[in-house]
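Undergrad: Chains as they are written, first to last, in this note's numbering: chain A, 1 to 187; chain B, 1 to 165.
For the record, the hints were derived by calculation from the structure and aren't laboratory data. There could be a bad hint or two in this list.
[As the list claims (entries may be wrong)] Simulated crosslink set (DSSO-like; lysine-lysine; CA at most 30 Å straight-line):
(1) A:73 with A:158
(2) B:152 with A:7
(3) B:97 with A:73
[Claimed, not checked] Anything over 10 Å on all C-beta distances counts as not near chain A; from chain B, calculated:
(4) 32
(5) 53
(6) 78
(7) 88
(8) 90
(9) 92
(10) 93
(11) 104
(12) 110
(13) 123
(14) 129
[Claimed, not checked] Stretch by stretch, here's where chain A covers chain B in the computed footprint (C-beta under 8 Å, at least three residues):
(15) 44 to 50
(16) 138 to 147
Glycine included, each C-beta is placed from N, C-alpha and C at the ideal position.
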Amino acid sequence: MENEEMKPNYWPSVIQAAIIVAVVTTVVGLGLVYYVAGSEPSMGVMMISGLTIPITCLIGLIGGILATRSYAKAFDITFPIGTGAQIGLFTGIIAAVVGGIIGQIWNLVDPTLMERFADTMIGAFEMNDQIPESQKDEIITSMEESFEDQSSMGGVLKGIAINAGVLGFVNLLSGMIGAKIFASEEE
Amino acid sequence: MNLGLEFQNRALYAIVFVGSFFLVIIALGPGLFGNPSLPYVSFQFEAFHFLCHQDPLRSFALNNSQMAVCARCIGIYSAFFTGVILMPFLVLIKKVKFRYYFRFLIGTIILNFIDVLGNQFEFWTNTNESRFLLGSLFGLSSAILLSNEFFKKTKYRGLIWKMKK
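Isolated chain B, as found in the complex (with noise of 0.2 Å):
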């Protein structure tokens, strides 16, 4: 079956798929093993303790263990994740130009900066939910960026549904 789509660099998107994966898991923390623990006694809390401050305040928590990561990471890990899953449906659906792509990015870590600026100079206090809700933008946004590098509308979907008619 024909869907109009040009599959590229197959075994990077291999990686990013299986990696994002794992990396989801592991940010999930000692939980989703049923493992209660604490912070920096478990390889998944080492295994982030260079990209997130693990703050127990500012972490969910799964199985009565917090997460390996606070809210917005995760938000942005399983977001990431997502928008690999969705890359070529988003690539089917429309063909978006990189420049806009890149202005939800930026407009996404812009929103981030103000979140966080904003909670600390206490203008607002930012919830769990808060700090998830705009991390999961940010992972999104940088996943549909690299999709036209692994999907291409072809021309063939169009061409055929044309001689149909």
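In isolation and in its complexed conformation, chain A is listed as follows (with noise of 0.2 Å):
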């Protein structure tokens, strides 16, 4: 085993875990999008259990072990969880980052998509009748403002900012693990 103190660079490892958790992240959640866009409007519509398999959930925590295995195994070291910690943090930042790009690009090949999306999801609530017109109104109001302001490139910004901080906190965590797995010292 190499010394850890040779420290090689981590990047390649970094960029690549990120791409293939932001890759498979945005195509579930755009098929989810695409499933939800061209349904009629009935609260079954939001209750999407038929199309999203269990096992999406979670897809966003792997890029920590993912990074910190590539990174071991490529150069066959040994490095403590903080580096795994900081490997993992990075990747989730950049899949937040490359995720919200491949989304806005997605944006110009179908441009009304998130129109239809939108359009589902309010027509979908204005039907509910478990919840008072006076209360509905408002909160339609509401949906329809956030559906507006995610759209805005403020809103998108504030999207990936929000996606970068949950992201890269998980898999930070996530790294911690991988390093602890497959790049720490015999006990």
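Dock chain to chain to rebuild the complex, using the hints, since each chain is given by itself in its own frame.
TA: See the structure below:
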């Protein structure tokens, strides 16, 4: 095993893992948006369990594991969990940014997708008779404002920043776990 | 007071502790702040849309508002945070070798997979409570896997006890 003080460059592993996470999560997310946008408005549309396979949960988490594993195997090294945390953090942040960029590119390919999605969601909510009319109007207005806000440049950047924070942190955790599993000295 | 514990990687532990706390707060969703809201329109839902399917049928509600993550995920995050709090106590109670923690982690992952597949192929129907429980096991096992990296049992405690004797 090489000495960890040599510290080979971990960025190729980070970028590779970030792209995998970004592509997989964005494709799954877009699939879901298409499904909702192409459906008739009903509360059933919002209950999407038929489409969303439960294991899609946590795909975003594996970036840190993938990156630390790739880094440790590529250079046959051991490193502390602090380095794993760093690798995971960068992987999550880059995955969020790349995912945001893919989403924006897809908006150019299909510019009406998010509009159709918002219409279906609002339509489904309007049909819900369990909520009093007075509250419904208020919530629908706030939904319309939120959808508008999310499609503006500021909203997109805000979304990327929020995702970068959360994905960055959860991948920091998975990066530590990855470092512990793939790159720690035998105890 | 010497508890017989050596605390290492302190900055990283602080980041993990504070970060996990906020992760749970965000995952609890807008209902925590008494804010009824629907998926896709609050920052809490946006924060987790890469990480969770956020299916209303598979999520708990807080103050009549769906949580930002499903039952399994809220189990994972809350148990992970609990595990981070419990780390020093776990190390104090008993030193466990990494390979046993690792087996526990793999076991909980397999359990979750079996649960998901069994439900998917209709061998059984899982509930939000069972998803929460299995998710919690995974979250807890992930946290305790790291416990020896932050806390180490020192020999001083035993020595002092022996000297007093």
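Undergrad: Next step is simple, just say for each hint if it's right about the structure.
TA: Results for each hint:
1. With a C-alpha separation of about 36 Å, the suggested pair residue 73 of chain A and residue 158 of chain A falls outside the 30 Å cut-off, and the hint is violated.
2. Between residue 152 of chain B and residue 7 of chain A the CA atoms are separated by roughly 26 Å; this keeps the pair inside 30 Å, and the hint holds.
3. This hinted pair checks out: residue 97 of chain B and residue 73 of chain A have alpha carbons roughly 23 Å apart, not beyond 30 Å.
4. The claim that residue 32 of chain B is not at the interface with chain A holds, since no C-beta of that chain comes within 10 Å of its own (minimum 16 Å).
5. Residue placement check: residue 53 of chain B does not keep its beta carbon more than 10 Å from all beta carbons of chain A (closest about 4 Å).
6. Against chain A, the non-interface label of residue 78 of chain B holds: every CB pair exceeds 10 Å, the least being about 14 Å.
7. No beta-carbon of chain A is positioned within 10 Å of the beta-carbon of residue 88 of chain B; the least distance is around 17 Å.
8. For residue 90 of chain B, the shortest C-beta to C-beta distance to chain A comes to about 15 Å, beyond the 10 Å cut-off, and the non-interface label holds.
9. Remark: the non-interface label on residue 92 of chain B is consistent with the geometry, its nearest Cβ contact in chain A lying 18 Å away (cut-off 10 Å).
10. No beta-carbon of chain A is positioned within 10 Å of the beta-carbon of residue 93 of chain B; the least distance is around 18 Å.
11. Every CB of chain A is more than 10 Å from the CB of residue 104 of chain B (nearest about 13 Å), matching its label as outside the interface.
12. The claim that residue 110 of chain B is not at the interface with chain A holds, since no C-beta of that chain comes within 10 Å of its own (minimum 13 Å).
13. With a least CB separation of 14 Å from chain A, residue 123 of chain B remains clear of the 10 Å interface cut-off, as annotated.
14. Distance check on residue 129 of chain B: its Cβ is at least 15 Å (rounded) from any Cβ of chain A, clearing the 10 Å threshold; non-interface status holds.
15. Look at the stretch 44 to 50 of chain B against chain A: 5 of its residues bring a Cβ nearer than 8 Å to a Cβ of that chain, three or more, so the hint holds.
16. Here's how the stretch 138 to 147 of chain B fares: 3 of its residues keep a CB closer than 8 Å to some CB of chain A, so the rule of at least three is met and the hint holds.
Checked against the numbered hints listed earlier, the structure breaks hints 1 and 5; every other hint is satisfied.
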